[in-house]
Amino acid sequence: MRYRKERLDRGIKVRCDDVFALSSYREVLYLAMPKVLPVAILLIFPLLKGVVGLYYEKALVITCAISLLALSWDLMASVGLISLGQALFFGAGAYLTGYLNYAFKLSPILTIPLGTIGGALFSTFLLLPVLRLRGVYFAIVTLTLPLLLGRFIDTTKILGGGEGISGLSPLPNLWFELYVAIFAMLVCLFGFRRLINQDYGLVLQGIRDNDRAVMSGAINIYRFKVEAVFIAGLAGSFAGAFMTHYYQFVGIPAFAMDYSIVPLTAAVLGGPGTFAGSVIGAFILVPLSEALRGFGTLRVVFYSAILIICVVGLPEGIFHYMRRKYHQFERRREIG
Amino acid sequence: MIRSVIVYGLVSSAVLALTAMGFSLTFGISGVANFAYGAFYILSGFLVWALLNYLKFPFVLAIVVTIGVVGGLGFVTYWSILLRVRGVVLSEVIATFALGVGILELFRWLGFVTYEFTLPSFIKGMVVIAGVPVDYQRLFIIGIALALVIFLYFFTHYTRIGLAFRGIAQNERTAISLGIKSDLTGALSLALGSAMASVAAIVILPLGIISINTGYEVLLIAVAVGIVGGLESVPGILVASLILGYAQVITGTYLKPEWMAVVYLAAIVLVLSIKPSGLFGKFKELEERV
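Protein chains in written order, with the numbering used here: chain R, 58 to 393; chain H, 765 to 1054.
Looking at chain H on its own, in the form it has when it is part of the complex:
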C-alpha cells in the first residue's frame, strides 16, 4: 500500500507539473492568464485523434503537427485578440476565458462526448517497480515532465529568446529599452505555453478518454498548482505538484477517490489565507497580489 502510494504519488505529481507548466510559463512572462489553456489542451487531444483517424497520419507526425498548430494558435490568439486589449486585465481575462469556453462548448456541440475518443499510448506494457506495477505511459509522463523542466531551464538561461523572456518578465520597460520586442515576446510566450499544453495533452490523455470536462479540470489544476507554488516560479510549480500530487493520492487511497477533487479547494484556500503569494512566489508579490 505505502509503496504504491509513493510510486503513484510521483506519477500524479508529474501529471500536475506537466499540466500546470505551460499556464504558469505564459503568466510569468507576459502576465497574461491564459484561461483558454484547458481548451487548448483538449483541442490538442482531439486534433491528434482526428489526424490519426481521419487523415491516417503516422503517430509521430500527428504529434508534431498538433504541437505546431496549437502553438501557432496561441501566437495568433495573442496577435489578434490580446494585443488589442493588452494591459486591461478585465478584458484580457474575459477574452481568453470566452475563447476557452467557446472552443470547449463547440466540441461539445459537435458531439465529441462519447467514449470512443482515446489516444494511443506510446508503448504498451508495464513494468514492476518496487513491487508496484506501473505501465510505461506513466513512466513516460515522469520522464517528459523532467525533460521539459530541464529544457525550460536551459532555454531560459542560454538562448536569446529565453533570455528575452526573462528580461520582459523581470522588468518590461528596461527590456524594451534594450531592444527586446514586448509584443513579440508576449506572443511567443503564449505560443510556447499553448505548445506545452499540447505536449501535456498528448502525454497524459492516453491514460483515459478525452472528455470536454477535462478542459475545465486542467485549468483548475493549473490554477491550483500555480497558486500553491507561486504563479511564476518553476521550483514552486514542482514543489506544489509534489504536495498536491501526494495529497491527492493519499486521499484517494485512504479516504475515497471522490474526495480527491476537494484537495485542490482546500489547498487553494489554505495557501491563500496563510501566504497569499504562494510558497515560492515573491516577485510581483507587492504589486499584483496584495
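Looking at chain R on its own, in the form it has when it is part of the complex:
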C-alpha cells in the first residue's frame, strides 16, 4: 500500500483569505491570533523582570535592534537589492547620534530622531551611485562600504578614531529602553508589511522580479529604489541611533561584520520577503547567541553554518513553513 500526502486549506482560510466573512468568534480568533499573541507577549515581557531576569530583558533590546536591521534588509531584498552590509545603516545612525550628543550635548530625545534621519540620508547618498547595479555587484559594494568606513574613521582619527566616543548620555530607564525598542520594531514590522501590500510595494516587488517590465511601464525605478533604500535606512539607522545611547558608546564596532551577518542570517532563517520571518529569525538567533556568549567568535561560525544550511536546505524559511502548517492540514491518502 502506498500513500501520498494531501494538503488542504482550512475552510476558514478559503473563505477569509481576501473576503472577510467571519461567522464566529472562533474564526476571528483564528485570524487574529498569529498577530495578537506575539505582540501581547512582547508587550508583557518587560513587566516580567522578576521572572526572566535583567540579563534577558537587556537581550530583548538587542534582539529588537537586530530585528530592525533584519527588517530593513528584507525591505531592500524586496526591491532586489541584496545587501551584505547592514552595518552601514547601523554605523551611520550610531555615529551621527553619538557625535550630536557628544559635540552639541543634545538630549537623546533629539539626537535619536536626528541620527535616524541623518544616518538614513547619509547611507542613501553613499549608495546612490551603486543603485544602478543589481544582484552581485550591489552585494559586493555593500559588503565593502562598512568595512571601508570603519577603516576610514580609524585612519583619519575623526569622530574619536579607534577609541570611539564614550560617556554619552544614557536613556532615562530600562522601561523606556524596552518599550521604545519594542514599539519601533512593531511599527516597522507592521508598517513594512502594509507598505509591501500596497500599490507602492507592488512596484517594489516588480522591480525585484523584472525591472525591465517596470521600466517599460514608464516608472522610474531608480526613484523607487532610492526611496526604498531610504526607508530601509531609517529602520537600520534607528537601530544604530538607539543602541548608541543604550551602550552610551559609539566606536568602530558599529561598522563590524556582526551587524551585517546577524540580520542577514535572521532574515534568511525566518524567510525572506515576509518581514515577520525576519523578526522570528532575530528572536531565535539573538537569544541563542546570548546563551552561547562563552564561545566568542565561534558564534559567527555558527551563524555561517546556519546560513548555508538554510540557503541550501530550507530556502523558504521558518515563517513560510509555519504559515503553511497553520493554514492547511495534511492527511495521508492511499494511492492505488
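Hints are computed from structural coordinates only; laboratory data are not their basis. Incorrect hints may have been included.
As the list claims (entries may be wrong) - Which residues of chain R face chain H? A few of them, derived with a C-beta cut under 8 Å, are:
{"hint": "1", "residue": "F182"}
{"hint": "2", "residue": "P186"}
{"hint": "3", "residue": "V187"}
{"hint": "4", "residue": "V198"}
{"hint": "5", "residue": "L204"}
{"hint": "6", "residue": "T212"}
{"hint": "7", "residue": "I215"}
{"hint": "8", "residue": "L216"}
{"hint": "9", "residue": "G218"}
{"hint": "10", "residue": "G221"}
{"hint": "11", "residue": "I318"}
{"hint": "12", "residue": "L321"}
{"hint": "13", "residue": "V357"}
{"hint": "14", "residue": "V358"}
{"hint": "15", "residue": "A362"}
{"hint": "16", "residue": "I365"}
Being a predicted model, the structure only gives us computed values, none of them experimental. Where a beta carbon is used, it is the ideal one built from N, C-alpha and C, also for glycine.
Since the structure of chain R is already known, use the hints to place chain H on it.
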C-alpha cells in the same frame, strides 16, 4: 623618491593583479561571485604554515599540496553548495559569503591571531634596481603575476577546458548545445579561481604576517580591482591594478600610509558613478549591471 615610487608601484600593482585574478576569473566564467575568496586565500597561508611546521614537509611539496587542496575545496564547494542554488543570485551570494566568514572566524577562534604565523620567502636577499633596494620576493611577485597572466591567456585560447570556459562565459546555452557541461565547467572555474587565490597567498604572504583581517582585505582588493577594471576582463584587471597600485603607493609616499585604504573606496565610487561597467567591461554590461 620618484624612482622608489615607480618600482614599488609596480610591485604593489603586481600584488593587486595577483590577488584579484582568481576572483575575476571565476566570476567571468560562471557568474559566481566567490565571496569565500579571501577565506581561501588565508586558508592557503595557514595550510602551508601547518604543513611546514607540523608535518615538516619540504617547502615545494607543501606548496603543491596546498594549491591542490584549496583548488579541490573550490570544486567541492561548487558541487556541494552552489550547484543546489545555482541561478538564484541571492542564495549564491549568501552561501559563499557565509562560507568565507565561517572559515575566517573559525581560524580566529582557533587562535591563529598571533604574530608567529609567517611564511618563508623563496630566496632571501635583495637587489638594487635603479638605486632602489628591492628584495627577491617582490620580484617573484611581479614575475609570477606576469607568468600567470600569460598562462591564463594560453590556457583559455589553446586548451579544450579553457575554450569550454570561454564558451560558457560567452553564451551558456549555446555552449551546452555544443556538448560543454555547464556544471562541470562552473565547478572547475571555482576550483581554478581558488587555486589562484592559493598561489597568490603563497607568493604574497611572505611579505608580512598571516592575519585573519587580511582575508576580508583580499576580498575588498579583488572587488575594487574588479569593479574598476570591469569584472570579467583580464586587460581590465591589469590596467586597474596598475592604476590602484600606483595610486596607493603615491598616497602612501606623499600623504600618509593610513590613507592607502581610502584609495579603494574613492576608486570604487568614482568608477561606479562615471562608468558603472568598469574601464574595460562591456560584456554582460546591459544584462547584469544597469
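### Task
Answer holds if the nearest beta-carbon of chain H is closer than 8 Å to that of I215(R); otherwise answer violated.
This hint is violated: I215(R) lies away from chain H, its Cβ roughly 12 Å from the closest one there, beyond 8 Å.
### Query
Quick one, is the V198(R) hint okay against chain H at 8 Å, beta carbons?
Constraint on V198(R) satisfied, holds at 7 Å.
### Query
Does the interface hint hold: is L321(R) within less than 8 Å of chain H, judged Cβ to Cβ?
7 Å, holds
### Task
Could you check if I365(R) really has its C-beta closer than 8 Å to a C-beta on chain H?
5 Å, holds
### Message
Take the shortest C-beta to C-beta distance between T212(R) and chain H; is it under 8 Å?
### Response
3 Å, holds
### Task
Under 8 Å, Cβ to Cβ, is where G218(R) needs to be relative to chain H, so tell me if that hint holds or is violated.
10 Å, violated
### Query
Any CB of chain H closer than 8 Å to the CB of I318(R)?
6 Å, holds
### Task
With chain H as the partner, please determine if L216(R) meets the hint condition of a C-beta pair closer than 8 Å.
Not OK, violated: L216(R) not within 8 Å of chain H, min 15 Å.
### Query
Minimum Cβ distance from P186(R) to chain H below 8 Å?
4 Å, holds
### Task
Using 8 Å as the Cβ threshold, decide whether L204(R) counts as touching chain H.
6 Å, holds
#### Entry: Hint check: 8 Å Cβ-Cβ cutoff, V357(R) to chain H
4 Å, holds
### Task
Mind checking the CB of V187(R) against every CB in chain H and telling me if the closest is under 8 Å?
This interface hint holds because 6 Å falls under the 8 Å limit.
Hint check: violations occur at hints 1, 7, 8, 9 and 10; the rest are consistent with the structure.
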